[in-house]
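S.K.: Sequence:
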Amino acid sequence: MADLLQVGSNCPDVTFRQGREKVSLSDFLGDKNVVIAFYAAAFTGGWERELVGFQQKLDEFAGCDTEIIACSTDLYPAQRAFAEHCGVAFRMGSDFPGHQATKAFKVYDEQRETNRRVTYVIDKSGVIRHVIDDPSDMGRHSEESLQVVKELVKG
Numbered sequence: 001m002a003d004l005l006q007v008g009s010n011c012p013d014v015t016f017r018q019g020r021e022k023v024s025l026s027d028f029l030g031d032k033n034v035v036i037a038f039y040a041a042a043f044t045g046g047w048e049r050e051l052v053g054f055q056q057k058l059d060e061f062a063g064c065d066t067e068i069i070a071c072s073t074d075l076y077p078a079q080r081a082f083a084e085h086c087g088v089a090f091r092m093g094s095d096f097p098g099h100q101a102t103k104a105f106k107v108y109d110e111q112r113e114t115n116r117r118v119t120y121v122i123d124k125s126g127v128i129r130h131v132i133d134d135p136s137d138m139g140r141h142s143e144e145s146l147q148v149v150k151e152l153v154k155g
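Using this note's numbering, the first residue of the sequence shown is number 1, and each one after it goes up by one.
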């Protein structure tokens with residue numbers, strides 16, 4: 001499995017599908033920090049806990065000029081149904097077909113044909129400021145991400 005992108009490196013400009021809409025990381029450059037939470041699949045217990053954790057902190061992230069994007073290799077209709085099931089209001093980015101985003105961020109697991117549970121925190125200039133690679137502690141991803149963006153706001 002490839003090494004993850006490193007803190008201090010520029011993030012790749014990837015595009016996620018959200019239904020018929022396409023969202024690119026470059027859409028947020030200069031305007032918003034971005035947290036990208038990669039996960040294996042919709043309707044899994046672990047991801048549901050992580051997803052709800054981000055949703056519970058969504059106002060705090062917004063107060064730090066931060067956009068949340070959750071990304072899996074699921075088709076968008078499955079993601080949308082899962083988001084509705086969990087009651088979330090942030091972006092759910094599909095990386096199907098092709099998995100270009102997950103491969104660019106080096107989180108694609110070829111053997112399992114899905115993503116690893118990895119979260120990247122990216123500042124407004126497109127630089128990776130923090131990486132969380134933890135498949136078991138679901139609360140860690142939203143908690144650490146929020147701490148990092150609060151520090152970015154402080155300067």
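Hint data in this document are derived by calculation from the structure and do not stem from the laboratory.
Warning: the hint list may mix true and false statements.
[Said to hold, decoys possible] Straight-line Cα separation of at most 30 Å, DSS-like style, residue types lysine-lysine; simulated pairs: (1) K22 x K106; (2) K150 x K103; (3) K103 x K124.
Predicted, not measured: the structure shown is a model, and the values here were computed from it.
S.K.: Next, verify each hint and record whether it holds.
M.R.: Status of each hint after checking the structure:
no. : hint        : verdict
1   : K22 x K106  : holds (21 Å)
2   : K150 x K103 : holds (28 Å)
3   : K103 x K124 : holds (22 Å)
Checked against the numbered hints above, the structure breaks none of them.
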